Amino acid sequence: MPVMTYREALNTCLREEMRRDDKVFLLGEDIGKFDGAYAVTQGLLREFGPKRVRDTPIAEEAIAGCAIGAAMLGLRPVVEFMTINFILLAIDQIVNNAAKMRYMFGGEVKLPMVIRTPAGSGGQLSAQHSQSMEGWFANVPGMKVVAPSTPADARAMLKTAIRGDDPVLFLENLHLYNARGEVPTEEQLVPFGQARVAREGRDVTLVAHSRMTPLALQVAEKLASDGVQAEVVDLRSLRPLDRETLVRSVEKTTRAVVLEEDWPTFGVGAEIAATIQEHAFDWLDAPVLRVGLAEVPMPYSKVLEQAAIPDADRVIKAVRRTLERRR
Amino acid sequence: MPVMTYREALNTCLREEMRRDDKVFLLGEDIGKFDGAYAVTQGLLREFGPKRVRDTPIAEEAIAGCAIGAAMLGLRPVVEFMTINFILLAIDQIVNNAAKMRYMFGGEVKLPMVIRTPAGSGGQLSAQHSQSMEGWFANVPGMKVVAPSTPADARAMLKTAIRGDDPVLFLENLHLYNARGEVPTEEQLVPFGQARVAREGRDVTLVAHSRMTPLALQVAEKLASDGVQAEVVDLRSLRPLDRETLVRSVEKTTRAVVLEEDWPTFGVGAEIAATIQEHAFDWLDAPVLRVGLAEVPMPYSKVLEQAAIPDADRVIKAVRRTLERRR
Amino acid sequence: MSKERSGRASIQSRPATDVVENERSDDPGVARYPRDQLIAMLAQMQLIRHFEERAAEQYTKARIGGYIHLNVGEEATVVGSVAALRPTDYLIGSYRTHGHALARGTDPRAVMAELFGREAGTSKGRGGSMHLFDKKHRFLGGYGIVGGHLPIAAGLGLAIDYLGGDEAVMCVFGEGATNIGAFHESLNVAKLWGLPVVWVCANNQYAMGHSVAMDSAVTEIHRKACAYDMPGERVDGMDVLAVRQACEAALERARRERLPSLVECVTYRYRGHSMADQRKYRTEDEVRAWRERDPINWFERRLIAAKLLDENEAKRIEREADEKAAAAVDFAEHAPDPDPADLGKYVYASDEEM
Amino acid sequence: MSKERSGRASIQSRPATDVVENERSDDPGVARYPRDQLIAMLAQMQLIRHFEERAAEQYTKARIGGYIHLNVGEEATVVGSVAALRPTDYLIGSYRTHGHALARGTDPRAVMAELFGREAGTSKGRGGSMHLFDKKHRFLGGYGIVGGHLPIAAGLGLAIDYLGGDEAVMCVFGEGATNIGAFHESLNVAKLWGLPVVWVCANNQYAMGHSVAMDSAVTEIHRKACAYDMPGERVDGMDVLAVRQACEAALERARRERLPSLVECVTYRYRGHSMADQRKYRTEDEVRAWRERDPINWFERRLIAAKLLDENEAKRIEREADEKAAAAVDFAEHAPDPDPADLGKYVYASDEEM
Ligand SMILES: Cc1ncc(C[n+]2csc(CCOP(=O)(O)OP(=O)(O)O)c2C)c(N)n1
Ligand SMILES: Cc1ncc(C[n+]2csc(CCOP(=O)(O)OP(=O)(O)O)c2C)c(N)n1
Ligand SMILES: [Mg+2]
Ligand SMILES: [Mg+2]
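Residue numbers (this note's numbering), protein chains in the order written: chain A, 14 to 340; chain B, 14 to 340; chain C, 79 to 432; chain D, 79 to 432.
Think of the hints as simulated: they come from the structure by calculation, not from any bench.
Some clues are possibly wrong.
[What the hints assert, rightly or not] Covered stretches of chain C (chain B as the covering partner; in silico rule of three or more C-beta atoms under 8 angstroms from a C-beta of chain B):
#1 136-148
#2 244-258
#3 288-295
#4 409-419
Predicted, not measured: the structure shown is a model, and the values here were computed from it.
Don't be surprised by glycine CBs; every beta carbon is placed ideally from N, CA and C.
Could you build all of it, start to finish, from the sequences and the hints given here?
In structure tokens, the structure reads:
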């Protein structure tokens with residue numbers, strides 16, 4: 014199987030889908046002439062021209078609205094927001110229009126549209142450029158929210174998103190773009206709502222999505238050398254959420270730690286913990302713990318930033334606390 | 014103690030605080046000449062004039078930004094958003110500026126500002142006008158989010174909000190405005206981060222905030238006639254969250270049901286459940302259950318709307334499921 | 079400098095088939111359109127008036143819930159603008175769009191059923207007054223967030239352009255919406271990308287309790303077009319033919335030149351902002367003055383003066399309109415509610431296919 | 079129609095104390111200001127240039143993290159606008175504001191320390207390049223969301239008006255920010271409420287890889303003022319004195335007439351959007367052509383022509399600027415990092431008091 018980066022996998026997928034269906038088009042800031050702020054759309058303007066790779070002004074609300082309108086008439090827009098931090102300017106369009114229109118118009122309209130955007134922290138981008146708000150969108154019926162962690166899933170899930178008929182928030186991550194992995198040559202589509210057991214283990218379940226998955230795998234590797242077999246569940250999709258896989262894993266391991274790149278209080282991990290305690294209550298031997306960002310706006314200073322972002326040590330500490338509990 | 018409505022309590026508080034401190038001023042749509050869409054600011058324009066009761070255009074982002082700028086220079090703006098549904102147009106200002114500025118500018122600035130807005134569903138306002146997104150704001154360090162459920166708390170907590178030095182989202186509810194209750198004549202301030210045990214009980218804890226509190230009390234009353242003693246914890250403040258009171262209650266009752274007016278998946282109740290299982294794990298005899306909105310955009314039709322909104326029956330059913338579990 | 083166009087931009091209206099009947103009218107507006115179309119427009123205006131009054135009545139009887147925002151007083155603006163559309167064009171609007179749906183041809187019974195929250199409603203009872211929808215007539219919805227549908231209108235224009243069609247989009251909104259960010263972003267991209275969109279502002283003088291001057295640095299709304307090098311035009315929104323003519327011209331510019339326009343129709347709402355609004359932010363005198371220019375009366379008188387209508391016919395048209403409105407209420411009253419078991423339907427399209 | 083003012087609006091500049099020295103200069107711009115101010119402005123421009131070049135160097139050495147956006151090429155726009163402010167006025171800007179802080183008087187060492195993420199930085203190392211802050215000099219911050227600080231600027235104006243002060247607010251932003259909703263909402267309320275705000279657009283031709291024409295229906299940014307009945311003016315942003323003069327006039331209008339203005343300074347950034355930008359979206363020729371109008375060279379030549387400066391002095395000024403920049407790097411290098419134990423500090427003001 015060919016090896017490629019997460020970025021290449023996305024780029025390949027966009028190219029493939031645009032070749033396959035001329036209703037698919039891209040819009041976003043600097044995706045064309047500039048080749049994409051993070052080069053995900055590199056070369057696509059050259060191949061498909063400005064009609065299908067539409068550079069937009071800095072006007073996030075208009076961008077989202079344009080995608081909605083275009084989707085209503087049967088096109089399949091794929092929006093790029095440069096980073097998730099700017100999505101708040103478009104969240105009204107996404108939450109109040111895209112997510113609700115099908116329902117509030119009695120099923121008379123479909124909105125096949127994808128919003129791609131990288132989340133994540135690190136790189137000293139400071140408070141306004143280091144966020145992960147995917148949990149807010151995952152709270153909204155009518156939205157689908159996915160967050161692949163590998164190049165193969167990135168390609169396969171972006172295909173599912175583009176060919177689907179609903180608005181999808183497709184979460185990328187600044188720190189995953191250069192991650193490498195095998196990507197099958199043949200076409201693959203991963204249905205939404207299926208978590209992936211990225212590593213099997215029997216002692217504790219590490220739950221992660223997006224960039225936290227490689228961290229979880231790294232932690233699992235370290236734990237293994239200490240004789241602890243951690244299972245890693247890569248959620249892949251937040252809405253729909255694959256509660257079954259989660260619960261099945263914890264029924265086996267009886268313990269869980271959630272890794273998250275957002276703030277834990279009222280964050281993504283809260284739902285994971287709530288789900289596990291609700292559906293695997295009788296199996297749990299320890300409370301589900303959460304490891305996420307420090308509850309501060311992200312500081313710029315390297316030393317402070319490092320202190321704020323979850324790392325292997327903090328996850329391992331949480332795992333140890335979990336394991337201390339007797340059955 | 015005089016009895017007044019929640020609306021009157023807010024109105025009284027605004028009047029008192031504006032008389033007390035001429036740095037306090039109001040801004041929002043239709044708060045002056047129109048007396049407030051829900052009449053909370055009734056009569057204030059007459060008393061304080063247009064400088065201190067500033068009617069604004071429909072421009073939520075500018076409104077929020079104006080409050081931020083004014084707060085930076087030492088004023089104490091109190092914004093009214095007509096309903097929380099429109100706050101998404103200002104969420105970038107609130108989350109990326111108000112909540113982060115003090116931190117990202119190294120503590121050099123204070124933002125004493127309050128955003129008042131009613132959330133809630135019911136009344137057939139349909140998908141775009143029936144929401145409760147307070148959980149998203151409660152996820153953000155730098156924000157304070159409070160949601161009083163009684164007239165007395167409304168007055169006392171709005172005072173705390175106005176006199177405090179941080180941005181506060183002050184959550185009201187369409188269905189609480191006419192709720193009546195005793196309000197002490199003397200001045201009262203309720204510090205944030207203190208939940209209130211609204212009713213004592215030993216069998217199960219009902220956790221609620223805002224409009225769900227009266228529902229929880231109503232349920233507790235019904236349960237009492239069946240011999241079940243429910244304790245009702247009114248959170249009052251989501252950020253800071255009073256984990257102690259929550260945990261203390263569950264340590265006593267060993268069971269909990271969360272009532273929420275938002276969508277449960279990734280909603281407010283998830284944090285409550287996650288907190289309880291984390292900190293009261295050894296006391297819990299049953300999983301924490303959540304009762305919230307049906308996971309659909311709110312339908313207009315009365316029959317569908319009724320099916321979507323949590324009611325006493327659904328809460329009682331959840332309580333029964335919880336109680337079925339043996340110790 | 080802004081390139082505003084005068085109201086007298088050249089008109090390429092739809093083919094007129096029976097122009098003969100009124101070619102000698104002294105009223106240049108009336109002379110422009112065939113009799114059957116003029117009569118149809120009057121009938122639509124009457125239908126809207128009577129539909130709205132009946133809806134108001136049902137609201138006070140609590141048969142209708144939520145908020146309802148009526149078009150009473152604005153019938154000329156509504157009918158004039160919608161009449162300018164081709165059947166293949168798209169229409170999108172705010173929460174104040176009962177009239178637009180009716181003018182576009184949506185069955186009044188389906189509109190009323192929607193207000194009653196019935197399964198037979200335009201949106202299967204899920205949307206209500208603020209969220210009407212009629213795919214068949216290309217009315218792509220009523221929206222409740224002020225300004226929120228303007229970016230969508232741009233997207234509709236984008237799709238037409240992408241697909242190479244000659245449809246146009248009409249986006250209607252209130253003057254209060256012109257102060258919000260979405261207005262700016264949408265008009266900018268429409269002009270920048272040459273999208274076939276006509277922006278129709280129904281300036282009914284108030285945004286809830288706010289007069290135009292309370293909210294907008296520029297009170298002649300059409301002048302805001304200058305910031306996009308877009309034609310901007312103000313038209314008497316009580317004159318159904320002036321509105322139609324301006325919108326026809328703007329639609330043609332959109333269609334042929336890919337040049338969007340901003341058309342401001344100066345009108346008035348007789349009633350409160352919504353049925354819930356009983357506040358006093360305007361004088362009785364003001365309301366009376368506007369009512370004296372009632373768009374329906376005025377149009378009726380013009381048609382009678384042009385000898386295209388007599389008093390009896392006028393009465394009949396009004397009676398028929400009211401009968402239709404009454405029939406709509408009757409239909410809605412007896413139509414079934416949605417099945418609560420269907421609560422979860424229509425959230426996702428993909429799930430239904432799978 | 080828009081009421082744009084010409085660049086020659088009457089000027090009420092600050093009291094000139096030593097006008098004598100250059101009153102006979104043929105250069106009307108130069109003649110307008112006393113020598114010490116002119117020299118100070120040149121020194122500031124040089125300081126910015128050298129500070130930025132050194133910052134770039136430190137960035138490539140990975141001593142500075144995040145994004146950094148330089149003002150190189152834009153020194154005339156930066157210094158000209160900031161020089162127009164009174165000490166009591168407020169300044170607020172985007173993420174591209176190293177130069178603004180320096181021009182306002184912030185210690186270069188504190189600015190560089192901020193870029194290094196040190197506790198001695200303007201924002202105690204919490205903000206970094208995009209979020210400089212200097213309360214003492216009334217520079218109320220750099221902000222990272224395009225357009226996001228414009229509403230705040232309106233709020234500062236509102237507070238001044240509320241408190242009855244005679245300060246003014248200058249809000250600086252790029253031309254790319256004029257297409258976003260916040261621009262529209264902010265300018266509307268500023269004019270509507272008569273807020274003392276001057277909107278200074280640094281039109282440096284590009285928003286990342288987008289030329290003005292790719293993003294804006296109206297490419298002469300100053301013309302967008304027409305939608306708010308606000309004076310709009312375009313000025314040569316490479317001419318520090320023209321910028322200063324226009325801003326002074328606008329500030330006076332803001333202060334005295336409570337009339338906000340939009341001042342567009344036409345300029346150019348020599349470097350990439352941020353240090354991370356190595357893309358090719360503009361030609362070498364274009365960059366070269368702009369560099370030929372280098373604002374520092376040009377200003378130096380004018381001062382020399384006016385006999386207010388000689389080559390040696392010019393060299394000295396440049397050398398001193400570079401020394402300051404070097405000293406700033408040196409200071410920043412040796413300044414201590416924040417204490418990780420302080421991670422949770424500064425989230426809430428109330429908590430600290432309690
Ligand atoms: C973003 C937003 N803010 C506030 C409201 C509440 N609201 C509903 S209609 C309205 C007034 C709108 O006035 P205008 O645009 O003139 O339209 P009209 O109602 O006069 O037709 C307001 C403030 C809303 N729906 N959306
Ligand atoms: C709302 C938002 N969208 C996108 C970005 C990413 N971004 C940062 S700077 C920039 C270009 C801004 O151009 P302009 O306003 O002309 O200012 P300049 O950088 O040229 O000074 C973009 C798109 C952002 N920071 N905020
Ligand atoms: Mg109006
Ligand atoms: Mg620029």
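Could you check the structure against the hints above and give me the numbers of any it violates, in ascending order?
Result: no hint breaks.
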